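Engineer: Following the hints, put chain B in place on chain A, whose structure we already have.
From first to last, the protein sequence lines stand for chains A and B. Residue numbers for the first sequence follow our numbering, so the first one is 1 and each next one is one higher. Residue numbers for the second sequence follow our numbering, so the first one is 1 and each next one is one higher.
No lab work stands behind these hints, which were simulated from the structure alone. Computed from a prediction, not measured in an experiment: that's the story for all the values here. C-beta: ideal position from N, C-alpha, C; glycine also. Any given hint might turn out to be false.
Not everything, but these chain A residues come out facing chain B in the computed CB check (under 10 Å) [said to hold, decoys possible]: (1) V9; (2) N11; (3) V34; (4) R36; (5) H48; (6) L77; (7) L109; (8) P112; (9) G115; (10) L121; (11) F140; (12) H142.
Pulled from the structure, derived: some chain B residues nowhere near chain A, Cβ distances all over 10 Å [unchecked claim]: (13) G15; (14) R16; (15) G250.
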Amino acid sequence: MIAVIDTAVANLNSVIYAIQRTETPFCATTDPEVIRQASHVILPGVGHAQASMRRLHELGLVPVIRALTQPVLGICLGMQILYDSSEEGDTPGLGILPGRVAKISAAGLPLPHMGWNTLRLDDPSSPLLRGIFLDDRVYFVHSFRAPMNAAVMASSFYGEEIPAIVGRDNFFGTQFHPERSGPVGLSILRNFCAL
Amino acid sequence: MLAKRIIPCLDVRDGRVVKGVKFRDHVDLGGILELAQRYRDAGADELVFYDITASAEKRTVDTSWIEATAQVLDIPFCVAGGIRSVDDARRILHAGADKVSINSPAIEHPDLIDQLAAEFGIQCVVIGIDTLVHDGDYYIWKYTGSESTAQNAGRRTLDWVREVQDRGAGEIVLNCMAADGTKQGYDIEQLNAVRAICRVPLVASGGAGKMEDFYTAFSTARVDAALAAGIFHRGEVQISDLKHYLDSKGVIVRL
Chain A
1 MIAVIDTAVA
11 NLNSVIYAIQ
21 RTETPFCATT
31 DPEVIRQASH
41 VILPGVGHAQ
51 ASMRRLHELG
61 LVPVIRALTQ
71 PVLGICLGMQ
81 ILYDSSEEGD
91 TPGLGILPGR
101 VAKISAAGLP
111 LPHMGWNTLR
121 LDDPSSPLLR
131 GIFLDDRVYF
141 VHSFRAPMNA
151 AVMASSFYGE
161 EIPAIVGRDN
171 FFGTQFHPER
181 SGPVGLSILR
191 NFCAL
Chain B
1 MLAKRIIPCL
11 DVRDGRVVKG
21 VKFRDHVDLG
31 GILELAQRYR
41 DAGADELVFY
51 DITASAEKRT
61 VDTSWIEATA
71 QVLDIPFCVA
81 GGIRSVDDAR
91 RILHAGADKV
101 SINSPAIEHP
111 DLIDQLAAEF
121 GIQCVVIGID
131 TLVHDGDYYI
141 WKYTGSESTA
151 QNAGRRTLDW
161 VREVQDRGAG
171 EIVLNCMAAD
181 GTKQGYDIEQ
191 LNAVRAICRV
201 PLVASGGAGK
211 MEDFYTAFST
221 ARVDAALAAG
231 IFHRGEVQIS
241 DLKHYLDSKG
251 VIVRL
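Isolated chain A (complex conformation) (with noise of 0.2 Å):
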């Protein structure tokens, strides 16, 4: 059974129906015992890193998830929320990965980083690009980005480079949305799913 965590963001719909075009038992739930006792969690996310942080803290999540062994995956913010912090309202975030968010500094380039971009496979023997190709197009929408650190597993471009798929242990996140990234995305979540 997967956990899909819910923080009462506005995608967590369009996650659930993707999870179930994978074939995958799931539920959305904010208890910490059901988290807890899940085979796999997802952390979906749009919107603002505080608002995200506030509503993890006053569900009392934040222990529950960074003790997890599980394969856990945040989408877009829910990734964004993993790290160490994030300049977007200089939020402290959950510290299960190291660094800091930051705006992206696309000169002359529009904001937000919307559409679809191409893969750059950084770490191919990662689980989750299993039948993924060098320059698959993902959907990408955000305007702050996570560091390019020991942590990226894939990344795209846009005035400079961005973390798309990242994860250390049995944490794993996307900044961009697999549940609208077409067969690409249903094949990233195909393959957490088979963590």
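Structural biologist: Quick look at chain B alone, frame taken from chain A:
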């Protein structure tokens, strides 16, 4: 590299996709799910659904078709028409739409843009702008859903473009009314003027008649996406042909 987006726009009325000439004489084009999947399979990068019932009759958008669409669609989609409040937007976004597009209600209550951006993030907030040249300047129009209600809103388009960005628009769809329906090409001059001051993604709308029109919008006006309805619905341009054509001209697209 980020791809330029091709966005078919589908007018929705009473659960069906329709097409009319200047909002009259609607022809039924098919079911929403059927057309959404057909355009997805044809290579559309994103879809816009314009709920003309909700907009014209001041009704709230029925969300049942949005949920059904979100279940089958694995590309992003935006819902426009009839969104007048944060609650309206919440119902649509929670049903599974990725973005909401606001036009006349944003002109009446510009604060709505700030509220939507604060509540959902700017990536959800698209501002649609209907614009027309008048006395040598560009002006925004409101209530353009029918000829009897359409009126000049009395504001310069470029001022409005600046304001909506400051308030939290995450994307701007510029619908150039004089070009709309003419099939004579996008209004490149006006798109250029807006592009020069637009820091968020800009979508060209109105006037696409042939594949070259898309190329000009991307290469000359440097828009991020191009929206069209009629030429796709009538089958005059196939999205896959269009993308291969653009690719051959050096425009980055998702093939």
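Engineer: Among all the numbered hints in the text so far, which are the ones the structure does not match?
Structural biologist: Numbers 3, 4 and 10, in rising order.
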